[in-house]
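Participant: Here's the letter readout for the chains.
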Amino acid sequence: MLTASHLTRRFDDRVAVEDLSFALAPGEIFALLGPNGAGKTTTLRMMAGLITPSSGTVHIDGDLMQATSSRLRGRIGFLTEAPGLWDRLTVYDNLLVYARLQGVGADAIQRVLDLFGIGNRAGDQAAQLSKGLKQRVALARTLLHDPSIVLLDEPTAGLDPESAHETRALIVRLKNERRTVVISTHNLDEVERIADRVAVLRSRLIALDTPDALRSRLFGRRVSITVTEPAANYDAIVRATGATDVKTENHTLSVAVDGETPVAPAIVKALVDAGARIVSVIPEERTLEEVYLRLLKEDRR
Amino acid sequence: MRRVAALVAKDFAELRQSPGIFIPSLLTGLAAIFYPFVIAVIIPAVTGERLSDSSDFDIAKLFYQTEPSAPTLNPEAAIQAFIFQQTLALLVGLTTVTGGMSVAAHSIIGEKQARTLEPLLATPLKTRELLAAKVISAAIPGVLLTTACFVLYVVLIGLIAEPGVWRALLTPRSLGLVFLIGPLASLFGLQLAVCASSRVNDPRSAQQLGALVLIIPVGILQVAQFVGGVVLDTHILLAIGAVLTVCNLLVLRAAISLFDRESILIKWK
Numbered sequence: 001m002l003t004a005s006h007l008t009r010r011f012d013d014r015v016a017v018e019d020l021s022f023a024l025a026p027g028e029i030f031a032l033l034g035p036n037g038a039g040k041t042t043t044l045r046m047m048a049g050l051i052t053p054s055s056g057t058v059h060i061d062g063d064l065m066q067a068t069s070s071r072l073r074g075r076i077g078f079l080t081e082a083p084g085l086w087d088r089l090t091v092y093d094n095l096l097v098y099a100r101l102q103g104v105g106a107d108a109i110q111r112v113l114d115l116f117g118i119g120n121r122a123g124d125q126a127a128q129l130s131k132g133l134k135q136r137v138a139l140a141r142t143l144l145h146d147p148s149i150v151l152l153d154e155p156t157a158g159l160d161p162e163s164a165h166e167t168r169a170l171i172v173r174l175k176n177e178r179r180t181v182v183i184s185t186h187n188l189d190e191v192e193r194i195a196d197r198v199a200v201l202r203s204r205l206i207a208l209d210t211p212d213a214l215r216s217r218l219f220g221r222r223v224s225i226t227v228t229e230p231a232a233n234y235d236a237i238v239r240a241t242g243a244t245d246v247k248t249e250n251h252t253l254s255v256a257v258d259g260e261t262p263v264a265p266a267i268v269k270a271l272v273d274a275g276a277r278i279v280s281v282i283p284e285e286r287t288l289e290e291v292y293l294r295l296l297k298e299d300r301r
Numbered sequence: 302m303r304r305v306a307a308l309v310a311k312d313f314a315e316l317r318q319s320p321g322i323f324i325p326s327l328l329t330g331l332a333a334i335f336y337p338f339v340i341a342v343i344i345p346a347v348t349g350e351r352l353s354d355s356s357d358f359d360i361a362k363l364f365y366q367t368e369p370s371a372p373t374l375n376p377e378a379a380i381q382a383f384i385f386q387q388t389l390a391l392l393v394g395l396t397t398v399t400g401g402m403s404v405a406a407h408s409i410i411g412e413k414q415a416r417t418l419e420p421l422l423a424t425p426l427k428t429r430e431l432l433a434a435k436v437i438s439a440a441i442p443g444v445l446l447t448t449a450c451f452v453l454y455v456v457l458i459g460l461i462a463e464p465g466v467w468r469a470l471l472t473p474r475s476l477g478l479v480f481l482i483g484p485l486a487s488l489f490g491l492q493l494a495v496c497a498s499s500r501v502n503d504p505r506s507a508q509q510l511g512a513l514v515l516i517i518p519v520g521i522l523q524v525a526q527f528v529g530g531v532v533l534d535t536h537i538l539l540a541i542g543a544v545l546t547v548c549n550l551l552v553l554r555a556a557i558s559l560f561d562r563e564s565i566l567i568k569w570k
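One line per chain: the protein sequences are V and X, in this order. Quick note: the first sequence uses my numbering, first residue 1, plus one each step. Quick note: the second sequence uses my numbering, first residue 302, plus one each step.
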């Protein structure tokens, strides 16, 4: 669907994006993460054909994306960082201009108005809308021409929790419709909920994988076992099963269950056999934020 | 063409919401209308001295040699007709330029400052379509304003000046000036302004450049006409029209090649 190959972009002496490669499939949500100035927006702009890579290429279904690729731009829906609505025009007129630019009819306007539940505000001037509503109108504009690739730069920035939730639901819906969705965001919780794969950038690619794979790679897999007695009483029992990485704190044992170490059921059995009264056994889930911070920290070294 | 029409319609819809943008141009047009009346009608009425009594207007005799309608006018009317015709270039130049320039200068920069340019550039809209739309959006109000001022000018001449003078304003020369040279000159200035608007980051710079290119020649032409250096006959107007057409084509090509989508997105803040 969309392939970025060795994308590099320099602005004078500064390298904004360096040697970035990835391939996206239909029905995939791909998240670009990184600190401010990491090259996320530049990457999106190169994908949208708005700026030209210093080297490297973007292909969409085999066609090379260039600044002059007017037809290819028609296959992309790009939600820019700012909603970019004409304040003096009504919501409907804003969408009408884009419908004409994209070559779609008035039925498409009604479709997106209904999709985003903004039909009742169609006659309002954009200047009168709240920030969240403006963002919804901008999203409606992005999907007006039914694009197969949707690029979203900070799609939920400034939205209230309910609107953000609705937007995330919409992004998942786009995925279910087999569209390729790329989001650039600082909202790690959002990425954790919806992204299939994550690329962490700091000009160059630091990591690219599924959130689970990144978690597993950085922190390993652990289980947290809570017992009624002090956890330290069972440290030796757990280690006797072959576990080497065991941490105890109050009533909780944290045990690495990766690779050659024993699996959780064997540890639980050993504890029960030793007379431990187990309250809970929970897989330890590192948040994406922890993964992200660790990746950046390791990259700094 | 569909995309150009869409953008032009959008620009007009925005202009309808802020008609105040044309107040300076309207005032300029009214001032340009008022000024020849001061010379041709008000001063003679106040001083009691007829224009035809003064040797200062011997130049108006040339008018008899160039205008077919002139021999039917008395000497005073012929001098008035001469003044009204010669100042027409100023009216057309100033009104058309100021009418469109404020719109044109804001065209690209305005979209950039309102942060509406990036979503626009992400559509299939081509550079030449964007530039064409912006020039058309600016030129049409300027031409309409000039036409309205010209109609008002002729009506006032009919009401206030010597009988028959208004007819001297409806010659091919005058109409060519208003409806051919005016729009062509306006187009030239506006293309330069839009061109500058896509390279600078301040609307005032674009406005000043576009206006400067037209207002200086119009001013020089005005002085040359009054001192007898230039008489704008039909042949000279056609020659100016041909030069302006060539200039417009050259500027159009330059505008398309100068317009740099990337610089506008990346460097402008």
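In case anyone wonders, no lab produced these hints; they're calculated from the structure. Worth double-checking, as some hints may not be accurate.
[Claimed, not checked] Beta-carbon label-pair distances, calculated as ranges:
1. V263/V to S564/X: 55 to 61 Å
2. R204/V to A415/X: 31 to 37 Å
3. I282/V to D561/X: 53 to 59 Å
4. H59/V to D561/X: 46 to 52 Å
5. K427/X to R14/V: 56 to 62 Å
6. S564/X to H6/V: 22 to 28 Å
7. S558/X to T210/V: 32 to 38 Å
8. A415/X to V263/V: 55 to 61 Å
9. R317/X to E290/V: 23 to 29 Å
10. A213/V to A415/X: 39 to 45 Å
11. G119/V to A415/X: 53 to 59 Å
12. Q318/X to R14/V: 39 to 45 Å
13. H59/V to I557/X: 24 to 30 Å
[As the list claims (entries may be wrong)] Coverage of chain V stretches by chain X, computed from C-beta distances (three or more under 8 Å per stretch; other residues unrestricted):
14. 84–91
15. 101–112
Quick caveat: nothing in here was measured; it's all calculated off a predicted structure. Think of the CB as a built atom: it goes at the ideal place given N, C-alpha and C, for glycine as much as any other residue.
Participant: A separate judgement is required for each hint: does it hold in the structure or not?
Facilitator: Quick rundown of the hints versus the structure:
{"no.": "1", "hint": "V263/V to S564/X: 55 to 61 Å", "in the structure": "59 Å, holds"}
{"no.": "2", "hint": "R204/V to A415/X: 31 to 37 Å", "in the structure": "34 Å, holds"}
{"no.": "3", "hint": "I282/V to D561/X: 53 to 59 Å", "in the structure": "56 Å, holds"}
{"no.": "4", "hint": "H59/V to D561/X: 46 to 52 Å", "in the structure": "24 Å, violated"}
{"no.": "5", "hint": "K427/X to R14/V: 56 to 62 Å", "in the structure": "30 Å, violated"}
{"no.": "6", "hint": "S564/X to H6/V: 22 to 28 Å", "in the structure": "24 Å, holds"}
{"no.": "7", "hint": "S558/X to T210/V: 32 to 38 Å", "in the structure": "46 Å, violated"}
{"no.": "8", "hint": "A415/X to V263/V: 55 to 61 Å", "in the structure": "59 Å, holds"}
{"no.": "9", "hint": "R317/X to E290/V: 23 to 29 Å", "in the structure": "54 Å, violated"}
{"no.": "10", "hint": "A213/V to A415/X: 39 to 45 Å", "in the structure": "42 Å, holds"}
{"no.": "11", "hint": "G119/V to A415/X: 53 to 59 Å", "in the structure": "25 Å, violated"}
{"no.": "12", "hint": "Q318/X to R14/V: 39 to 45 Å", "in the structure": "40 Å, holds"}
{"no.": "13", "hint": "H59/V to I557/X: 24 to 30 Å", "in the structure": "27 Å, holds"}
{"no.": "14", "hint": "84–91", "in the structure": "holds (count 6)"}
{"no.": "15", "hint": "101–112", "in the structure": "holds (count 3)"}
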